[in-house]
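2 protein chains.
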Amino acid sequence: MLVAHLPNVFYLSGFTGESGMLLVQGRRAVLFTDPRFRVQARQECSQQGIKIEIVRGPLPPVVGNCLRQAGSNGILLFEEDRLTVSQLRQLKRAGRAGMVWRGVCGTVEALREVKDSQEVARMRDAARLGSAVMTHAIRCVRPGMTELELAAEIEYQMRKLGASGPSFETIVASGPRGALPHGRPTAKRLKKRELVVLDLGVILRRYSSDLTRTVHIGRAPAAVRGWYQAVLLAQAEARQAVRAGVPAQEVDEAARRVLRREGLERYFVHSTGHGLGIEVHERPSLGRNQKTRLLAGSIVTIEPGVYLPGRGGIRIEDDVLVTETGSETLTDVSRELIEI
Amino acid sequence: MLVAHLPNVFYLSGFTGESGMLLVQGRRAVLFTDPRFRVQARQECSQQGIKIEIVRGPLPPVVGNCLRQAGSNGILLFEEDRLTVSQLRQLKRAGRAGMVWRGVCGTVEALREVKDSQEVARMRDAARLGSAVMTHAIRCVRPGMTELELAAEIEYQMRKLGASGPSFETIVASGPRGALPHGRPTAKRLKKRELVVLDLGVILRRYSSDLTRTVHIGRAPAAVRGWYQAVLLAQAEARQAVRAGVPAQEVDEAARRVLRREGLERYFVHSTGHGLGIEVHERPSLGRNQKTRLLAGSIVTIEPGVYLPGRGGIRIEDDVLVTETGSETLTDVSRELIEI
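Line by line, the protein sequences give chains X and L.
For the first sequence, the positions run 1 to 340 when the working numbering is used.
For the second sequence, the positions run 1 to 340 when the working numbering is used.
If you're looking for bench data, these hints aren't it; they were derived computationally from the structure.
Quick caveat, the model's predicted, so the values are computed rather than measured.
Treat the hints with care, since some could be wrong.
Each pair may be met inside one copy or between any two copies, as identical chains are not told apart.
Each computed DSS-like pair below joins lysine-lysine, with the alpha-carbon atoms no more than 25 angstroms apart [said to hold, decoys possible]: (1) K192 to K160; (2) K51 to K192; (3) K191 to K160; (4) K51 to K92.
With the rest of the complex left out, here is chain X (with noise of 0.2 angstroms):
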């Protein structure tokens, strides 16, 4: 199996660099890199047996070249939701004629969705992490201020914190531009009478958090704490729901069906959540038709929101554990509504 997808990559091998592939035969495993991750290739692999090929120029033609003179003849697995229609076109040409290419999806982010306890471990720790960000995100939050420098707050403290990075780049939505669920931050100035969504994510020893808060600065009218108190039993139904076996689609629908409820279900426009490890975004999708059940051992958010078209938008997000008997919640900021 050829692994083109650089996380999986990481996964199977532990290298780290921004170009590779690694090719997997049986126990053997070739890792193909640029002259730039030369050293750190040697460093972060040679000890678990895989050898190391330095490539000049693109990789492909490369690794089709080395199958060609191994004389593999028979199936070639690669990544068809990873490997693009050209990179594809460029292994065929080098490889031999009388290989097969078979196209497969998700072969290892299905291993990479159940962690392992050191994988857990330091889920638990980004977690950690990610929640004392947010806990001095929301004590620096005033009016006046930008979003960006908020964005930049943030950050900052992360890396002081010993994050690597975010995990994304971290919204700060206030006002109107909270109906945006992806809102980047800009240099709109935070105001009164404004909700703030706060969506931050760390990268710790290589893996993910992702935590939201939504804040509102000054006190807020009865309609705001309404769709607020909407969103946080949406939330904890959905976390609430959360358990080895119960397919995605249920959980997605614990959240659903609270905000439909409250009318609310029209803005509530994307699923409850999704997996999270070393991506930031990984199995499984916990949204409407997800028949896949939970897995134990799996970590998931759980994220509901609603986004009102020219108010703001309320979100609040954890990080939970499945396990066989329910879930466990690793992120660990207050969820009732802050007002500053």
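Please build the complex by placing chain L on the supplied structure of chain X, with the hints as guidance.
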């Protein structure tokens, strides 16, 4: 033509969301994105007369279906170096049987290579901001601090000065770690008698800068001075070689020639530079065997370096605008060896 690579989608439509495909048919264009980006897509694209289609779930089946309903029976171009094997399969399955799918490579990227005056203005601003951050970063260097602390300070300063974020993960690589050309910052502390490579870029109004300086903590020994002067000369010669119409490989060779003369060529493990714009790595590539000629209005990095295993690395990088008569260096930080 179906455009799937997000920087290309942004270039053509102004859409900045994280999920989208743009279908261009003559003078008409349709943007496909998911409900998270409904409001944003309307704000960013509807003025240009781009139709917006909000899609739940994966985009390719809906795009394919849309093509079928439009009765498209001609040739559809797709980006073969961006579309995955499975995306193309989904598109073909949902599209019309009679359609011809033709892979192309670099079509929009070629348009992006030459910047218009508004883009050059943004790149100038990004380069100026990156230079201010570097000047600050050099002032912050002191023995005892960790690489991560310095990286945190750098990225904090970017945002304080108005950047929307780093254009890549800031590199702080000290001592022997500098021999990793792409060393991520770690908890390693900066020490006396070490080289420190600082490589940073900002994103400002969607356009990138990319800038490297190398400093020495304490008075540099003669060998380090010699290596530094060689890299400095290589960089100056390469910048001198830049002019519209010159083959890219000649710029690379100008740097390489200097390092070869000094017996350092084998420690120069990457190419001399790359194009810069919406993405931090764009066309053209300034490497060996790159016969493509430089175009006026293109912006490239010039960044030769040497990487001495066990000792460290030295790299000097600036951003350069290609002109008809030569070049203009957009970044502005002293290139002399700084001893701290």
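Contradicted hints - numbers only
The structure breaks only hint 2.
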